[in-house]
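Sequences listed follow chains A and B, in order. Numbering follows the numbering used here, with no gaps: position 200 of the first sequence is 200. Numbering follows the numbering used here, with no gaps: position 90 of the second sequence is 90.
Treat the hints as calculated values from the structure; they're not laboratory data. Don't take each hint at face value.
What the hints assert, rightly or not - No more than 20 Å apart at the CA atoms, straight line, and that leaves these computed lysine-lysine pairs for PhoX-like:
no.	chain 1	residue 1	chain 2	residue 2
1	A	143	B	215
2	A	300	B	120
3	B	120	A	304
4	A	300	B	166
5	B	215	A	76
6	A	155	B	120
7	A	253	A	187
8	A	294	B	44
9	A	186	A	170
10	B	215	A	313
11	B	44	A	143
12	B	215	A	300
13	A	221	A	313
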Amino acid sequence: MRMSKWVIVAMLALMPAVASAQNKKVTFALNWVPEPEFGGIYEAQRGGAFAKHGVEVSIQPGGAGAPTWQLVASGKADFAVASADEVVIARSRGADVVAVFTIYQTCPQGIMVHASRGLKSIKEVFDPGGGTIAMEVGLPYGKFLQQKFGFDKVKRVSYDGGIGNFLADKMFSQQCFVFSEPLAAKKAGADPQTFLVADAGYNPYTGVIIVSRKTLRDDAKTVSAVVAGLTEGWGNYLTDPKPANEMMGKLNKTMVAETFAAAAEAQKPLIESDDTKANRLGWMTLQRWQELCKQLVDLKVVEKSPAAEECFKNPEKP
Amino acid sequence: MRRLLNGILPPVIVLIATIIIAEVLIRALGIAEYLLPRPTAVFKVFHEQYPDLLRSLWTTAEAALIGFGCSAVFGLLIALFLSTSRLVQRAFYPYTVFFQTVPVVAIAPLLVIWFDAGLKAVAICAFIVSVFPVIANSLAGLLSTEPALRDMFRLYGAGWWATMWKLKLPSALPNIVTGLRIAAGLAVIGTIVGEFVAGVLDVNPGLGIKVIEAKKYGQTDVVFAAVLTASLLGLLMLAAVNFLGWLLLRRWHASEQG
Numbered sequence: 001m002r003m004s005k006w007v008i009v010a011m012l013a014l015m016p017a018v019a020s021a022q023n024k025k026v027t028f029a030l031n032w033v034p035e036p037e038f039g040g041i042y043e044a045q046r047g048g049a050f051a052k053h054g055v056e057v058s059i060q061p062g063g064a065g066a067p068t069w070q071l072v073a074s075g076k077a078d079f080a081v082a083s084a085d086e087v088v089i090a091r092s093r094g095a096d097v098v099a100v101f102t103i104y105q106t107c108p109q110g111i112m113v114h115a116s117r118g119l120k121s122i123k124e125v126f127d128p129g130g131g132t133i134a135m136e137v138g139l140p141y142g143k144f145l146q147q148k149f150g151f152d153k154v155k156r157v158s159y160d161g162g163i164g165n166f167l168a169d170k171m172f173s174q175q176c177f178v179f180s181e182p183l184a185a186k187k188a189g190a191d192p193q194t195f196l197v198a199d200a201g202y203n204p205y206t207g208v209i210i211v212s213r214k215t216l217r218d219d220a221k222t223v224s225a226v227v228a229g230l231t232e233g234w235g236n237y238l239t240d241p242k243p244a245n246e247m248m249g250k251l252n253k254t255m256v257a258e259t260f261a262a263a264a265e266a267q268k269p270l271i272e273s274d275d276t277k278a279n280r281l282g283w284m285t286l287q288r289w290q291e292l293c294k295q296l297v298d299l300k301v302v303e304k305s306p307a308a309e310e311c312f313k314n315p316e317k318p
Numbered sequence: 001m002r003r004l005l006n007g008i009l010p011p012v013i014v015l016i017a018t019i020i021i022a023e024v025l026i027r028a029l030g031i032a033e034y035l036l037p038r039p040t041a042v043f044k045v046f047h048e049q050y051p052d053l054l055r056s057l058w059t060t061a062e063a064a065l066i067g068f069g070c071s072a073v074f075g076l077l078i079a080l081f082l083s084t085s086r087l088v089q090r091a092f093y094p095y096t097v098f099f100q101t102v103p104v105v106a107i108a109p110l111l112v113i114w115f116d117a118g119l120k121a122v123a124i125c126a127f128i129v130s131v132f133p134v135i136a137n138s139l140a141g142l143l144s145t146e147p148a149l150r151d152m153f154r155l156y157g158a159g160w161w162a163t164m165w166k167l168k169l170p171s172a173l174p175n176i177v178t179g180l181r182i183a184a185g186l187a188v189i190g191t192i193v194g195e196f197v198a199g200v201l202d203v204n205p206g207l208g209i210k211v212i213e214a215k216k217y218g219q220t221d222v223v224f225a226a227v228l229t230a231s232l233l234g235l236l237m238l239a240a241v242n243f244l245g246w247l248l249l250r251r252w253h254a255s256e257q258g
């Protein structure tokens, strides 16, 4: 009896080791806390899509400004979430990172204004302008808007990550993820109206999953497996976000269940496109990368553009 | 001349040696530029972008100097007020600690709501971060007047004003200067942190904004150049305080003699 108890304990202790011997372990760094923008990643982990393709993914949430491409380039993380413009910047600085999946086909970055101002387009935020606009420093799309519309008719301040200033001032506008800050503002009783930066002509893939060239070369099988897992995870999340939302809600207690549900619903049209319908979720095209590379040179964000073909790869099916 | 050389030479040698070792090590180990830039890369940034850096330096210096000036004036006034009686001290001193413990990053967004982003809000950040050492050191100085001298002033029937002006303040000066020294460096830190949140992104962005922007673009060399420029500002302010201390103390206090 005593003996058999120990055997069971030993077997239980060994089980995870056995499981992990079969599944390849990889780390996955996020650039923000668990929120619907990563829903499909958590769903792939929760629903077993990663396990099905033979990978065991350890998801590591990050804070604002988490240096994800540096983590991947220096080998501290295997996979990470970044944006397409970061990939171009990283490559131009000599970091060999490659995008293999994109969460958003349409960049969800936008400008949130008070609907009471009656603005018709993103242009009117800057011209005739007026009031204050909060934007993070060093955002390529900030430079794009500046080049296109000029910032001299509006006072530009740093974005602090909140909506307090927006609620307090009717002439205040700010950067936003169209499925995030506007929902919070509405909940707080404001009348937000949003304009997508993509509609103004700057639309980089956002929420791209990056790996290092070395991983892609030496372990293409794992990359394919993770991408297959992501494709399934996102597909399932789009159909039913509830289970993954509950899982993320336990990790991120600052967001309530109804906000999770609302954000998951609001981001749907940005994730699917004609390209994803023709190919699969997360698919990227050379033309879009070429356009982005050209824009970033025009905006003087990078001096010399890296080759667009080397910025991304749609991995083969495993 | 010889004394000057003896003073300047050792730190300069250390600096040059550090730069050479860093350059050689980074090259030898093949460390990527975006992780740690070579000193020569940072020099190149200084060389190519110094007009930009100077403009940013001025924006930051303005806020840091205003914040530091307010800390000096209000810190000293608060310390004077607290030194008037034990009761006043007991009642108010705990609340001055607030300034030291307040996480400025957390309240900077509120400062933007109250005062608008820009010079005013940033200077207030610098003030909040740098005022406490002035209060604490000045108060310690004001309270540690030599008892024998205090008794003598009392014996001669000196009034409150004369005691303060002729005895307490002069004997507190070394402590006040120490407080200002600490505040000078902190004011620069407070300004940079303030700029992260409350800076205005116009044609002359402060060094704090320069740091964030360069970080976003993976320009680690520019980050280092901006950070070094900020420490240069701190050093200059510290040197100014040291000079002031020397002016005030050289005739009578041991700390500035010999």
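List of violated hint numbers, smallest to largest | Of the numbered hints given earlier, those the structure breaks are 2, 3, 4, 8, 10, 11, listed in rising order.
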